[in-house]
Amino acid sequence: MVFSSITFLFYFLPIVLIIYYIVPTKLKNLVLLISSFIFYFFGEPVYVLLMAFSIFSTYIFGLLIDKYKDTKYKKIFLIVSIAISISLLVYFKYTDFIISNINLFITHKLDLIHVILPIGISFYTFQMISYLVDVYKGESKVQKNILKLAMYVALFPQLIAGPIVRYKTIANQLENRTHTFEKFSNGVRRFILGLSKKVLIANVLGELVNVFLASNEMSVLYYLLYGVAITLQIYFDFSGYSDMAIGLAKMFGFEFLENFNYPYISKSITEFWRRWHISLSSFFKDYVYIPLGGNRVSKLKWIRNIMIVWLLTGIWHGAAWNFIIWGLYFGILLILEKLFLSKYLEKIPSIFSHLYVMIIVMISFVIFSGENTTQIFKNLTGLVGIGGVPLVSPESIYYFKSYFLVIIISIIAATPLCKNFVNKLKCKKIINLLEPVFLGILFVVSTSYIIDGSFNPFLYFRF
Amino acid sequence: MQDKEKNIIITILFVTILLTAFILNIIKEDSQISIVERRKLATFPDLSFDNIIDGSLSKEFEDYALDQFICRDEFRNIKSLWSNYIFRKKDNNGIFVKENAIYKIEYPLNAANVLKNTKKIDDICNKYLKGKKTYFCIIPDKNYYLDEDILKIDVSEMQNMVKKELPYMNYIDICNELTLKDYYRTDLHLKEENLLKAVNKIKEEMNLDIDKNANYDIEELGDFYGVYYGKQSKKLIPDKINILTNNTIKNSVTYNYETSEKSPVYNKYKFQTSLDKYDVYLSGATPLITIENLDSSNDKELILFRDSFGSSIAPLLIENYSKITLVDLRYISSKILDNYIDFNNQDVLFLYSTLILNQNVLK
Chain V
1 MVFSSITFLF
11 YFLPIVLIIY
21 YIVPTKLKNL
31 VLLISSFIFY
41 FFGEPVYVLL
51 MAFSIFSTYI
61 FGLLIDKYKD
71 TKYKKIFLIV
81 SIAISISLLV
91 YFKYTDFIIS
101 NINLFITHKL
111 DLIHVILPIG
121 ISFYTFQMIS
131 YLVDVYKGES
141 KVQKNILKLA
151 MYVALFPQLI
161 AGPIVRYKTI
171 ANQLENRTHT
181 FEKFSNGVRR
191 FILGLSKKVL
201 IANVLGELVN
211 VFLASNEMSV
221 LYYLLYGVAI
231 TLQIYFDFSG
241 YSDMAIGLAK
251 MFGFEFLENF
261 NYPYISKSIT
271 EFWRRWHISL
281 SSFFKDYVYI
291 PLGGNRVSKL
301 KWIRNIMIVW
311 LLTGIWHGAA
321 WNFIIWGLYF
331 GILLILEKLF
341 LSKYLEKIPS
351 IFSHLYVMII
361 VMISFVIFSG
371 ENTTQIFKNL
381 TGLVGIGGVP
391 LVSPESIYYF
401 KSYFLVIIIS
411 IIAATPLCKN
421 FVNKLKCKKI
431 INLLEPVFLG
441 ILFVVSTSYI
451 IDGSFNPFLY
461 FRF
Chain L
1 MQDKEKNIII
11 TILFVTILLT
21 AFILNIIKED
31 SQISIVERRK
41 LATFPDLSFD
51 NIIDGSLSKE
61 FEDYALDQFI
71 CRDEFRNIKS
81 LWSNYIFRKK
91 DNNGIFVKEN
101 AIYKIEYPLN
111 AANVLKNTKK
121 IDDICNKYLK
131 GKKTYFCIIP
141 DKNYYLDEDI
151 LKIDVSEMQN
161 MVKKELPYMN
171 YIDICNELTL
181 KDYYRTDLHL
191 KEENLLKAVN
201 KIKEEMNLDI
211 DKNANYDIEE
221 LGDFYGVYYG
231 KQSKKLIPDK
241 INILTNNTIK
251 NSVTYNYETS
261 EKSPVYNKYK
271 FQTSLDKYDV
281 YLSGATPLIT
291 IENLDSSNDK
301 ELILFRDSFG
311 SSIAPLLIEN
321 YSKITLVDLR
331 YISSKILDNY
341 IDFNNQDVLF
351 LYSTLILNQN
361 VLK
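So the protein lines, in turn, are chains V and L. In terms of the working numbering, the first sequence has 47 at position 47, counting the first letter as 1, and numbering is strictly consecutive. In terms of the working numbering, the second sequence has 236 at position 236, counting the first letter as 1, and numbering is strictly consecutive.
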């Protein structure tokens with residue numbers, strides 16, 4: 001079940017909200033747990049057992065790590081528990097990728113297993129690892145109630161598309177959280193804005209991307225339109241989902257950390273990754289980069305550490321070479337920035353540093369979204385007119401005109417311009433009056449786009 | 001308004017919308033069909049162990065929830081309005097309105113499909129029509145006549161491809177015999193009352209007698225909301241369906257091979273009952289149908305390979321023939337035609353719109 005569906009919005013959510021707010025406090029967690037399993041079961045009926053097994057395994061190993069915290073077994077339990085989680089992730093996500101690459105070098109080809117990737121497995125696996133490591137390090141208390149641990153892992157707002165919520169972030173909230181009009185309405189606001197980002201912007205731009213991919217009438221303008229559209233689509237889709245998750249969590253009394261912070265206003269790639277998918281980059285920083293030694297090692301090892309982190313970041317996004325190239329591409333750029341580029345970026349006018357970031361990011365998402373290396377190469381060379389493509393074509397001009405305003409709105413919405421403008425206005429009473437109207441319109445229009453059966457992809461099926 | 005009041009209003013507004021829609025969706029009686037969209041709507045899915053376990057239940061339920069949502073048509077209109085007036089998109093789901101007429105983007109020319117179709121027609125000619133005089137006529141889609149800089153099929157290129165692939169056919173060009181006003185505003189088809197010029201051109205090229213003084217009575221049947229109407233949000237005045245009749249047409253009768261039913265050329269019962277009022281012409285889409293001219297003094301016959309455009313053109317050709325056999329290759333395989341048609345000395349006309357030639361739908 002996805003948030004931007006009628007089933008979720010007008011059947012699942014109202015039922016869960018009613019029951020959640022009717023039952024006494026001590027039953028609220030149980031309601032959330034059951035509804036989270038139903039949420040997952042509705043989309044992945046069989047894999048709900050896999051998730052239950054993973055939770056049970058994490059629960060048992062958490063207890064063992066805690067019980068033997070003063071012994072050498074603690075480390076063994078941690079390694080075994082992480083190995084189990086990672087093995088499941090590798091089996092379901094990477095087996096066919098590994099086999100198809102081995103097949104390139106052997107005569108008698110191995111059969112692919114064609115296993116379907118369980119949605120959300122990358123997110124909940126990382127959440128369980130974060131729990132185990134935090135318990136191991138003594139940064140979090142072990143959770144002795146399996147239902148509460150299950151709720152942390154399976155909590156439906158973040159289950160299938162993140163953000164990756166650390167156990168220590170919500171450990172206390174699992175036991176004790178408040179429910180207020182302020183928190184609920186903030187959640188509603190955040191949810192509607194996220195839904196609008198996903199449905200009104202990302203999906204609309206996704207239509208343009210699909211039209212481009214289906215076309216045989218290429219031109220430089222068309223490649224550029226595609227580059228801009230895919231860059232904006234991925235941001236609005238992903239950050240829209242995060243907003244919806246954060247908003248839903250608030251409605252149920254939880255506070256998640258931010259996952260996106262206007263990444264497209266960055267002046268360097270280093271800054272970009274401080275603002276983009278924050279929960280993932282901080283996970284890799286805390287659980288991979290720093291344990292490897294971070295930057296407190298020799299320059300060569302430091303470069304190795306960065307490349308390992310970005311190799312993992314790339315492959316986390318999907319079992320394909322384009323994701324690995326995408327991750328390594330950012331790793332190399334971050335190394336270059338840390339070595340010498342950043343001091344130049346600080347000196348040049350900010351418009352050029354913004355431009356630098358956006359070009360790098362646009363190229364990265366063309367790589368990210370490519371189906372294969374041939375298509376990626378074609379799309380990248382097309383951006384600069386290599387390959388004898390014309391500058392414009394009738395189709396590209398038509399779609400440029402048709403999507404011009406959507407792209408302009410998207411670019412403005414990707415910056416804090418509107419937020420800053422509203423904050424500077426002094427007529428707060430009028431703004432307070434208009435805000436519910438504005439949110440109501442956005443919600444109705446988003447619903448109308450969903451009802452119309454418009455293009456509504458789920459981009460994270462490979463995560 | 002203070003923040004506290006605002007928060008309460010937002011909460012109440014959101015919860016009210018969710019609950020109202022939820023309750024109304026539960027109590028609302030399900031509709032079977034959408035008249036505006038001209039299609040059957042999804043019904044509540046059957047629950048079974050299999051569809052629960054394979055995950056298809058969630059997809060079927062979402063389809064049901066989308067189709068049966070309260071005020072579905074109004075929500076679709078809101079989407080269309082937002083797309084047109086806020087986003088200023090040039091089309092909504094490929095549909096756009098210009099000067100109170102509705103158009104659908106048909107683009108680009110699909111050369112592969114055109115070649116598949118010409119190959120299919122070539123096979124038919126080789127199997128059934130050797131030595132016969134055959135004619136080919138392409139009916140342009142209405143976008144062809146738009147001046148606007150929109151995406152449209154390159155009709156000239158399609159004509160050239162057909163002439164090149166089927167060089168033995170006599171090609172009839174009717175593009176100059178039609179104008180934008182000859183098409184319904186809310187539909188893709190041509191108005192029968194505006195077809196005489198194009199039909200006379202066809203007759204002229206096929207060496208048929210043209211009665212310049214042919215008197216047709218125009219009979220207005222009523223309002224017609226075409227196939228494009230439900231795909232956009234503007235409230236446009238409907239088209240009118242008019243039929244051209246004379247004694248020959250009145251005395252002609254159709255025979256439908258699929259239903260084994262005889263009907264008049266214009267089936268007014270279909271006009272009253274069918275979702276698509278265009279079904280008045282020859283009772284709608286069907287694989288194989290004949291029109292017999294009971295007044296005919298000759299024994300000439302025509303085999304007309306056609307799509308839906310042919311339904312309103314065929315009645316205007318019947319006075320020249322004793323029988324017209326209409327074949328719609330979208331619904332019948334060309335391999336079994338000789339089970340139904342005795343190919344001998346008939347005239348043969350392939351009459352296809354650009355919309356069909358651009359698709360891979362001929363069997």
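Take the hints with a grain of salt, since some may be wrong.
What the hints assert, rightly or not - Heads up, simulated SDA-like pairs for lysine to any residue below, C-alpha to C-alpha not over 25 Å straight-line:
hint : chain 1 : residue 1 : chain 2 : residue 2
1    : V       : K419      : L       : I8
2    : V       : K183      : L       : K104
3    : L       : K231      : V       : L405
4    : L       : K98       : V       : F404
5    : L       : K231      : V       : F92
6    : L       : K104      : V       : I79
7    : L       : K28       : V       : T7
8    : V       : K401      : L       : V155
9    : L       : K59       : V       : K419
10   : V       : K28       : L       : I8
11   : V       : K183      : L       : F22
12   : L       : K127      : L       : Q359
13   : V       : K183      : L       : L18
14   : V       : K28       : L       : L19
15   : L       : K197      : L       : L355
16   : L       : K98       : V       : F92
17   : L       : K262      : L       : E292
18   : V       : K401      : L       : K104
19   : L       : K235      : V       : L442
20   : V       : K183      : V       : P14
21   : V       : K183      : L       : L19
22   : L       : K234      : V       : L405
23   : V       : K401      : L       : L19
24   : L       : K59       : V       : F37
25   : V       : K424      : L       : E5
26   : L       : K234      : V       : Y398
Since the hints were derived computationally from the structure, they do not count as laboratory data.
> So which of those numbered hints doesn't the model satisfy?
Replying inline: 2, 5, 6, 9, 16, 23
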